[in-house]
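Undergrad: Go by the hints and put chain B onto chain A.
Number of protein chains: 2
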Amino acid sequence: MAHGTEDLDHLIAMMAKLPGLGPRSARRAVLHMIKKRNLVLLPLADALQKVGSTVRECLNCANICTSDLCDICLSDKRATGQIAVVEDVADLWAMERSGVFKGRYHVLGGTLSALDAVGPDELRIPKLIDRIAAENVTEVIIALGATIDGLTTAHYIADQLPGVSVTSLAQGVPVGGELDYLDDGTITAALNARKAL
Amino acid sequence: MAHGTEDLDHLIAMMAKLPGLGPRSARRAVLHMIKKRNLVLLPLADALQKVGSTVRECLNCANICTSDLCDICLSDKRATGQIAVVEDVADLWAMERSGVFKGRYHVLGGTLSALDAVGPDELRIPKLIDRIAAENVTEVIIALGATIDGLTTAHYIADQLPGVSVTSLAQGVPVGGELDYLDDGTITAALNARKAL
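Those sequence lines, one after another, are chains A and B.
Every letter in the first sequence is one number past the one before it in the working numbering, and letter 51, counting from 1, is 51.
Every letter in the second sequence is one number past the one before it in the working numbering, and letter 59, counting from 1, is 59.
With the rest of the complex left out, here is chain A (with noise of 0.2 angstroms):
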């Protein structure tokens, strides 16, 4: 009992083993939240109990949502035929927060790698050809992150989708960046694809 009560230090090691979070930081968390116990501690213990118990995986696209279906696979607004793949809900969070992607989401759950031994069946690829004929989807947006094991499944799926028109967001110099503090590969990507102004 290195905090005083067994309870406590239970609480520490499962609050420093969240992403983000060390030991340290657990600690200075938890302290915080027992200062603040009735704004703070028991709020957030009903928040984690509701979130808990209520979320689940939309059945269609795999984002978090609290029934069968998320309210973007529910809304007529989003059936644009388009269809954004994604690795993971964060990144799905991620294009929202954007605003300006008005159709669907897949969320693969992953990304093929040799390394981790994570093959097709591992990811949502069959559930994707489905939605494809289920959904009108006209076009696929490749929104996978710009790595080697992003690049190889954006090709495995291209190749799975025949019929339909698959994309990939661009590559190139991120909006206020500075050439010199770019890499190589960057550069080079943005070079290649450069557009006429």
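It is worth saying that the hints were derived from the structure and are not from the lab.
This one's a predicted model, so the numbers in the text were calculated from it and none came from an experiment.
Every residue gets a Cβ at the ideal spot worked out from N, C-alpha and C, and that includes glycine.
Don't take each hint at face value.
Claimed, not checked - For the chain B half of the interface with chain A, some residues (derived, Cβ under 7 angstroms), not all of them:
1) Ile34
2) Leu48
3) Trp93
4) Met95
Stated by the list, open to error - Quick list of in silico lysine-lysine cross-link-like pairs, BS3-like style, CA-CA up to 30 angstroms:
5) B/Lys77 x B/Lys36
6) A/Lys35 x B/Lys102
7) B/Lys195 x A/Lys50
8) A/Lys35 x B/Lys127
9) A/Lys36 x A/Lys17
10) A/Lys127 x A/Lys102
11) B/Lys35 x A/Lys77
12) B/Lys50 x A/Lys36
13) A/Lys77 x A/Lys127
14) B/Lys35 x A/Lys17
15) A/Lys36 x B/Lys127
16) B/Lys102 x B/Lys195
17) A/Lys50 x A/Lys17
18) A/Lys17 x B/Lys17
19) A/Lys50 x B/Lys35
20) B/Lys36 x A/Lys50
TA: Same frame as chain A, but now just chain B:
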């Protein structure tokens, strides 16, 4: 609803307010918890609930505990006649991790601060004075931070305890510290407090 459900938005907003976390790391932590619902999310909710319903302040030293008095105040082995005065429970935990101090603690709950309008009445100094007689205390070790407010508080406490030996933690070069990286104040303090080899 930026993240699919209102409960989820609420949970992420609350996590983002914890010290050391921001919106981005809160999202990451929440997604991690949802992916490991039975291993992380629900146990964490239980642990928070349990700590929230059991934890309280030791009536004697203001340490965190689950009964009227904490284990340290209850232990006969810690009745050494020494009390270490710390600012916060986090500092008490830091002292306990070093494992060197065998006496009891007194958590002040802050330091005197003219800027933040913290006077002696806001701190637990009267209780400290009560404990001197009640626990046959012979030495009060001031273990406050080496800040202006910490030093002011140390001198104020020393003035309030005329019959007791009041000491404070030594100032100097930290273990593993290199002179080149130390500030002038620390080097001055270390030089003034030099000791014979």
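Undergrad: So, for every hint listed, does it hold in this structure?
TA: Do the hints match the structure? See the list:
The restraint placing B/Ile34 at the interface with chain A holds, with a minimum CB-CB distance near 6 angstroms, inside the 7 angstroms limit. Satisfaction of the interface hint for B/Leu48 is found here, the shortest Cβ-Cβ separation to chain A being roughly 4 angstroms, below the 7 angstroms cut-off. For B/Trp93, the suggested interface contact is upheld, since its CB lies about 6 angstroms from the closest CB of chain A, less than 7 angstroms. Taken as an interface hint, B/Met95 does not check out: its beta carbon lies about 12 angstroms from the nearest beta carbon of chain A, beyond 7 angstroms.
Distance check on the hinted pair: B/Lys77 and B/Lys36 sit about 43 angstroms apart at the alpha-carbon level, beyond 30 angstroms; violated. The suggested pairing of A/Lys35 with B/Lys102 holds, with an alpha-carbon distance near 26 angstroms, which does not exceed 30 angstroms. A hinted pair counts as satisfied when its Cα atoms are at most 30 angstroms apart, and B/Lys195 with A/Lys50 does not qualify at roughly 60 angstroms. The hinted pair formed by A/Lys35 and B/Lys127 meets the criterion: a straight-line CA distance of about 20 angstroms does not exceed 30 angstroms.
Using a Cα cut-off of 30 angstroms, the hinted pair A/Lys36 and A/Lys17 holds, with the two alpha carbons roughly 22 angstroms apart. With a C-alpha separation of about 21 angstroms, the suggested pairing of A/Lys127 with A/Lys102 holds against the 30 angstroms cut-off. Among the hinted pairs, B/Lys35 with A/Lys77 is consistent with the structure: their alpha-carbon atoms are about 29 angstroms apart, no more than 30 angstroms. At roughly 15 angstroms between alpha-carbon atoms, B/Lys50 and A/Lys36 fall within 30 angstroms of each other, so this suggested pair holds.
Using a Cα cut-off of 30 angstroms, the hinted pair A/Lys77 and A/Lys127 holds, with the two alpha carbons roughly 22 angstroms apart. Our distance criterion of 30 angstroms between C-alpha atoms is met by B/Lys35 and A/Lys17, whose separation comes to about 14 angstroms. Restraint check for A/Lys36 and B/Lys127: satisfied, since their Cα atoms lie roughly 23 angstroms apart, inside the 30 angstroms limit. A threshold of 30 angstroms between alpha carbons decides the hint, and for B/Lys102 with B/Lys195 the separation of about 25 angstroms falls inside it, so the pair holds.
Distance restraint check for A/Lys50 and A/Lys17: the Cα-Cα separation of roughly 21 angstroms lies within the 30 angstroms cut-off, and the hinted pair is therefore satisfied. Using a Cα cut-off of 30 angstroms, the hinted pair A/Lys17 and B/Lys17 holds, with the two alpha carbons roughly 18 angstroms apart. Between the alpha carbons of A/Lys50 and B/Lys35 the distance comes to roughly 15 angstroms, so the proposed pair stays at or under 30 angstroms and holds. At most 30 angstroms may separate the alpha-carbon atoms for a hinted pair to count; B/Lys36 and A/Lys50 meet this at roughly 15 angstroms.
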